[in-house]
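K.L.:
Letter by letter, the chains look like this.
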Amino acid sequence: MSGRRRAVRAYGLAVVLLAAAVLVGAMVGAADLDPLGTAAALLDKLPFVHLSSGLGPLDTAVLFQIRLPRVVLGALVGGALALAGAGYQGVFRNPLVDSSLLGSSAGAGLGATLAIVYLGPSAPAALPVAAFVGSLAGVAVAYLAGAAGGPGTSTLLLAGLAVSMFLTAVQTYVLQRSTESIQQVYTWLLGSLSTATWHQTWQVLPYLAVSTALVLLHGRHLDVLSVGDEEARSLGLHPGRTRLLVLAGCALAAASAVAVSGLIGFVGIVVPHAVRRLAGSSYRLVLPLSLLFGAAFLVLADTAARTVVAPAELPIGVVTALIGSPAFVWILRATRSVRT
Amino acid sequence: MAPHPDRSRRTPLVRALTTATALVAATAALAGCGSSGKSGSSTASTAASPAAASFPVTLTPSNGSVTVKSQPQRIVSLSPTATEDLYAVGADKQVVAVDSNSNYPAGVPTSSLSGLTPNIEAIVKYQPDLVVASQDTNGLVAGLTKLGVPVLIEPAAAKLDDAYQQIEQLGQATGHTTQAAKTVADMKSKIADTVKQAGGNHSDLSYFWEVSANPYYSATSTTFVGQVASLFGLKNIADAAAKASDGGYPQLSQEYIVSAQPQLILLADNGANDGGQSPQVVAARPGWNTVPAVKNNQIVGLDDDVASRWGPRLPELVSQIAQAVQHASTASAK
Chain A
41 MSGRRRAVRA YGLAVVLLAA AVLVGAMVGA ADLDPLGTAA ALLDKLPFVH
91 LSSGLGPLDT AVLFQIRLPR VVLGALVGGA LALAGAGYQG VFRNPLVDSS
141 LLGSSAGAGL GATLAIVYLG PSAPAALPVA AFVGSLAGVA VAYLAGAAGG
191 PGTSTLLLAG LAVSMFLTAV QTYVLQRSTE SIQQVYTWLL GSLSTATWHQ
241 TWQVLPYLAV STALVLLHGR HLDVLSVGDE EARSLGLHPG RTRLLVLAGC
291 ALAAASAVAV SGLIGFVGIV VPHAVRRLAG SSYRLVLPLS LLFGAAFLVL
341 ADTAARTVVA PAELPIGVVT ALIGSPAFVW ILRATRSVRT
Chain B
4 MAPHPDRSRR TPLVRALTTA TALVAATAAL AGCGSSGKSG SSTASTAASP
54 AAASFPVTLT PSNGSVTVKS QPQRIVSLSP TATEDLYAVG ADKQVVAVDS
104 NSNYPAGVPT SSLSGLTPNI EAIVKYQPDL VVASQDTNGL VAGLTKLGVP
154 VLIEPAAAKL DDAYQQIEQL GQATGHTTQA AKTVADMKSK IADTVKQAGG
204 NHSDLSYFWE VSANPYYSAT STTFVGQVAS LFGLKNIADA AAKASDGGYP
254 QLSQEYIVSA QPQLILLADN GANDGGQSPQ VVAARPGWNT VPAVKNNQIV
304 GLDDDVASRW GPRLPELVSQ IAQAVQHAST ASAK
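Chains A and B, in that order, are what the protein sequence lines are. Every number in our numbering is 40 more than the matching position in the first sequence, counting from 1. Every number in our numbering is 3 more than the matching position in the second sequence, counting from 1.
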C-alpha cells in the first residue's frame, strides 16, 4: 500500500532528522567543545554504552548544564508549537491558522509584559506563569467572544483577531508607560531559549504530555470533521465537543511552550504545511509528524540562533521567521492542490 | 555604563528596534530605580558666586556651542550623573528639578520628568534658565532652544577625562569653576591612591563585567567602565568577543562566559532591592559552578548607581573594584 509506505517513510525521515538535529545542536556552540568528545559524552549517557569522552569537567558542565537542556527544551517547544498549529488548522479547517491568530500569543505577550513591568525581575518565576495564564485566557476570551457571535469557525477566527488586537493595544499602552522595561519585553517577544535549564524542562513536560496526548488522540476525529459537520454528526461524532477538546489541548501546548520560550512564530504554520506535503493531509499523520518535525526544526533554528553571531545570540524568533517565511511561500506555491 | 546618545527614540517600537539602544535605556533605568541614595555627603559650599562676573560664558558640550548669558538660577537636570555633578560643584541651590532617575545626593528635587523620553512642556513648567541632559531625545535641544533656554548635553563619558571635563564644564556653566576644579582634583588623587594601593598590573586576573542578564550583555575594555577596570591592568573576557557594531557592549552567550573562565565577576546590575542579579543568583546558574570567580567566591555586586554613572562618585567605583581585585588576587594566589 503506497499510503502506508509513505507514512513509514515520513516517520523514518522525521526520526532521523530529529536525532541529527539533536546531535548537531549538542555538538556546536560558542564554547567550542570537541565535537567527537561531545558525541562520545552523549552516547556515554545511553544505557549499556560506556565511552570515554575526553571532555574536561568544564566542557562537561557546559555541555550538560547549558547546552543540552537548551537542545531538549527547544525540541519540546518546537514540537508543541507545530502540533498546536496543526491542531488549530484542523479545528478551523483553515490552513492559515496559528496561535498568533487566536489570542494565544497576544494574551501571552500581555501577561509577560505585565509581569516584567509590574513584578520585574524580582519575581523571575512570575514571567512564565503570567505568559501561560495570559495565553490560555486569550484563547478563552476569543472562544467565548466567538461563540457569542453564533456558530461557525470563521466567527471564532475573527473574534480571535479582534481579541489579539485589543490585547496588543493594552500591552503597548503598558509599555508606553514603562519605557525602562522595553528591552526585556522586546527580548521576550522575539523568543529565546537562552535561559533554558533542566528545571524548566521538567516543569513544562507534564503540561506538554497531557496536551499532546489530548490532541493526538483526536487525529481521526479531525479527519472526519474535515469532511463536514453534518457528515461527522451522521457518523456519531460531536463536532462541537471535538473542537473544544482539541482547541483546549492546542491552547495548553502552545501556552506551555510560550511560557518557557517567549513568542516564537512561524513554527506552527510552516511545519504542518511541510508535513502535509510529505505525508498527505490526514490528521492521523499530520499531528504526530508535526510534533517530530517541529522539534527538529526548532532545535536546528536555535542552533543557528546561537552560532551565527556567536558569542552573541540571535532571538530565535528572528531565525524561525527568516527561514520560515520563504519556506512557507515555497510550500504554498508547491502545494496549492493539497487541502487540509 | 556609558550609553550612547540616541536621537531616534520616538516610539517604543522605534526604540526597540535597536537592541543596543533599548539596552541602554534599560540599564539607565536600572541605575535610576536602584538603591535610593545613601545619605550622601553633599559637597555644598555654596560660594556666593564670585564667578558671576564670568558670565556670559560659552561652552562646547556635545550639542555644539552654547552660551549661558548669566548665572543660572533655575536649573533642570535630566541626567542622574549631571545632578551629582551639579551638587558636587556647589550648584545645588540653583537646581529646581531633577529627573525621576536622579536619586543622589539625598534631598535632590526629584520630579516626574523623564530624561529618556523628555517632555518639553513638562520641563518648561519649571521655568528653567538651564537644562542639562545626557542625551538629546524627543527634540529636546531644538525645542528648548526655540524657547531661549540653553541646553547642555553631557553624554555618557567614553573616557575618564570626559567625566572630569563634564564636571568642569558644569562648574563653568553654573559659576562654580573653583569648586569644580577642586572636585576633579580630589577625584583624581583618590583614584590614584586606590590604584597605587591595589596595584595596576593584574594582567593575570580576568574578569567579566555583567551589564545585564538574559540576554547577557557585557562591557569591553574600550567602554568607560572597562577603562576603569583597566586601571588595575585586568583582562576582560568580553574583549575577544567584541565587534565594531556593538559599541563596546557585546552580547555573550552563557557558554562563552563559562568557557572563558573569568576569575572575577563584576555585577553592574546588582541589588536585591531592584530585582537585579546578586552574587547568589549568579552562583546558582547551572554550569557556572565551574567558573573560577564562582568557585572562589569572587562575584562582586557593585552599587548599580555608582557603576552606571560617570560623576563625582567615580572614586567609589574604583575602590569597589580595587577591593574585588585585592580579594581575587589573594584567592587565586592560594
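A few of these clues could be false.
Stated by the list, open to error - Derived DEER-like restraints, expressed as beta-carbon distance ranges: (1) A/GLY96 x B/ASN300: 19 to 27 Å; (2) A/ALA188 x B/GLN130: 38 to 46 Å; (3) A/PRO366 x B/LYS162: 42 to 50 Å; (4) B/ASN300 x A/ALA374: 28 to 36 Å; (5) B/LYS128 x A/ALA188: 43 to 51 Å; (6) B/LYS128 x A/ARG373: 53 to 61 Å; (7) A/TRP370 x B/LYS162: 49 to 57 Å.
Treat the hints as calculated values from the structure; they're not laboratory data. Backbone N, C-alpha and C fix where the C-beta goes; we use that ideal spot for every residue, glycine too.
K.L.:
Evaluate each hint against the coordinates.
P.N.:
Each hint, compared with the structure:
Taking the beta carbon of each, A/GLY96 and B/ASN300 are about 22 Å apart, inside 19 to 27 Å as hinted. Distance hint check for A/ALA188 and B/GLN130: the Cβ-Cβ separation is about 55 Å, which falls outside the suggested range of 38 to 46 Å. In this structure the hint that A/PRO366 and B/LYS162 lie 42 to 50 Å apart at CB holds, the actual value being about 45 Å. Separation of B/ASN300 from A/ALA374 is about 59 Å and departs from the stated range, judged on CB atoms against 28 to 36 Å.
At about 48 Å, the CB distance of B/LYS128 to A/ALA188 agrees with the hint of 43 to 51 Å. The supplied range of 53 to 61 Å is met by B/LYS128 and A/ARG373, whose beta-carbon atoms lie about 60 Å from each other. For the hinted restraint 49 to 57 Å between A/TRP370 and B/LYS162, the CB-CB distance of approximately 52 Å keeps it satisfied.
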